[in-house]
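I would like the entire structure built from these sequences, with the hints used as guidance.
Protein chains in written order, with the numbering used here: chain A, 1 to 289; chain B, 1001 to 1302.
Everything labelled a hint here was simulated from the structure, so no lab data went into it. Glycine residues also receive a C-beta, built at the ideal position from the N, C-alpha and C atoms. Not one of these hints is a red herring.
Derived DEER-like restraints, expressed as beta-carbon distance ranges:
hint: 1; chain 1: B; residue 1: 1300; chain 2: A; residue 2: 54; range: 54 to 62 Å
hint: 2; chain 1: A; residue 1: 152; chain 2: B; residue 2: 1296; range: 34 to 42 Å
hint: 3; chain 1: A; residue 1: 30; chain 2: B; residue 2: 1168; range: 23 to 31 Å
hint: 4; chain 1: B; residue 1: 1300; chain 2: A; residue 2: 271; range: 30 to 38 Å
hint: 5; chain 1: B; residue 1: 1083; chain 2: A; residue 2: 262; range: 50 to 58 Å
hint: 6; chain 1: A; residue 1: 197; chain 2: B; residue 2: 1294; range: 29 to 37 Å
hint: 7; chain 1: B; residue 1: 1184; chain 2: A; residue 2: 30; range: 29 to 37 Å
hint: 8; chain 1: A; residue 1: 58; chain 2: B; residue 2: 1214; range: 48 to 56 Å
hint: 9; chain 1: A; residue 1: 205; chain 2: B; residue 2: 1300; range: 21 to 29 Å
Footprint (simulated), chain A over chain B, 3 or more residues, beta carbon under 8 Å:
hint: 10; segment: 1058-1064
hint: 11; segment: 1067-1078
hint: 12; segment: 1289-1298
If we take Cβ atoms under 10 Å as the criterion, some of the chain B residues that face chain A in the derived model are:
hint: 13; residue: 1049
hint: 14; residue: 1091
hint: 15; residue: 1096
Read off the chains here:
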Amino acid sequence: MAATFFGEVVKAPCRAGAEDDEEEEEERRRETPEDREVRRQLARKREVRLLRRQTKASLEVALLEKYSCSRFIIAVGNNAVAFLSSFVMNSGVWEEVGCAKLWNEWCRTTDAVHMSPTEAHCVFYHLKSNPSVFLCQCSCYVAEDQQYQWLEKVFGSCPKKNMQVTVLTCRHVTDYKTSESTGSLPSPFLKALKTQNFKDPVCCSLLEQPNIVHDLPAAVLSYCQVWQLPAVLYLCYTDVMKLDLLTAEAFKPVLSSRGLKGLAKNVPQSTEILRKLMTANEVQSNIYT
Amino acid sequence: MFVPCGESGPDLSGCTLLLPAVSVGNVGQLAIDLIISTLNMSKIGYFYTDCLVPMVGNNPYATAEENSTELSINTEVYSLPSRKLVALQLRSIFIKHHRRPTENQHLLTHSAISSRVLDIQIVHIVPFGTGPGKYKSSSFCEKLLSWVKSSSFARVIVLSSSHSYQRNDLQLRSTPFRYLLTPCMQDSAQNEIQSLNWQEMEKTPCIPEMSDSDYCVRIPGGGITRTLYQESCSKEIPMAVLLKFVSEGDNIPDALGLVEYLNEWLQIIKPQSDDPTPSTLPWKIPSSWKLLFGSGLPPALF
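Okay, here's the thing in structure tokens:
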């Protein structure tokens, strides 16, 4: 409890989490069969499903258990997705192998089969000329309770040790802890985190303590660390969270890494494609029209 | 489940397991950080479950450039074989599906369960949360205690905390430290504890509003502490709970207090000189304990 300036007593937020055993126990006692049914329905609605959009059929096994994979590149968030789209997907022929359908309060994709191009999505591709190279474009938010399900549906339970994973994502620069003020940082800038088994050089400096990463990129990296897969996360700290040219371009150094080697063919052309993508997405606002 | 760092799992039988409860002020977790850092414990594995929010970062106990690049995840196991000590560190909270994402500050509307609006686009979250994620904490306790049993730990010590504002009059006037022992732990440790003059956690009314309520152990703000204690009682696991009454704020002094309380019993580190006062004990603050209250301030502010 805490007293506010105005003399009211309010429940202060607790860093340790919202509820105790006692409160949870109390709620469990009060739960009726109706409540349990709603809970079950909501759980079913929040399930992560992997399916093939063409056939509308769910994948019977985990994606990377069905296919052999040597390299897996995952872009999480709109800027990382735009970067991979312009530099990597435009440089080769990529075939869609699956799509993750998930619902949560922030990513309300109802129908993964007939998704509009502007809707948030999570799609998996492999390179036609080298089908062991996989790519995931994830522009939807995968909620806390769905992250482990996503891992299960994508990686499965038999991790393949010779698969190298590269994750690209962005975070707001105010999340970056430094002894200087974040306002003076030259954003956007790149930081990396790698698992123990990742032995290649990284394209930027490593993320210093006390900085941490959470959400889906953290879930992927944790999985790779525990199961001894070589994986690297490239994190772009930016002060613009919406689609932004400078932010997406900040990932360029990653093109020289082993994970993306040979996948980007014509950098100037790709830069132009990225620029066009940005302009197409800009909302032209004019108070006179 | 426990996943070792190397190829084979180490032998943990007969060891003392120290673990924190994610509780008010994160005091237990801070205390475990101090222990791992001071004793320079080495990482032996991970306790990988789907119960805690994923997080990663570089080595929080780094002492030099060389060891600063080891990746750490949310639940890791450390050991000091010479002292038969094993520490489990928890670095994040239990997953609840209705928690907001950190970058999204939308307020979710709560509505009564009777509206049954699951099929329409408006967000309605049942006030007390729904979905299996709601009870990840119980699932975690089960998995943890199952591992404790299968690893044959000699004893388990849980470091925790409880809301200081919930103390009754007697508690307000006494030491802020409390302990609890499960029945099978009492057999082995009661004498030692008694010689330390420690205060056992008092039983309080189960339903405070009722005057004739039964008395039971309540640990408000203690997270899974009570569940772990009660389950260990019924599963005959030798467990001790050491906790401190704290408020949220700068909880480093509370963590130092709690490790010193533990040290009175376990003698993890011995005083260097003849002076046994707490301030002389060399607890090593981990290198990750910086910028706890955010980044530096913009000079333009002044």
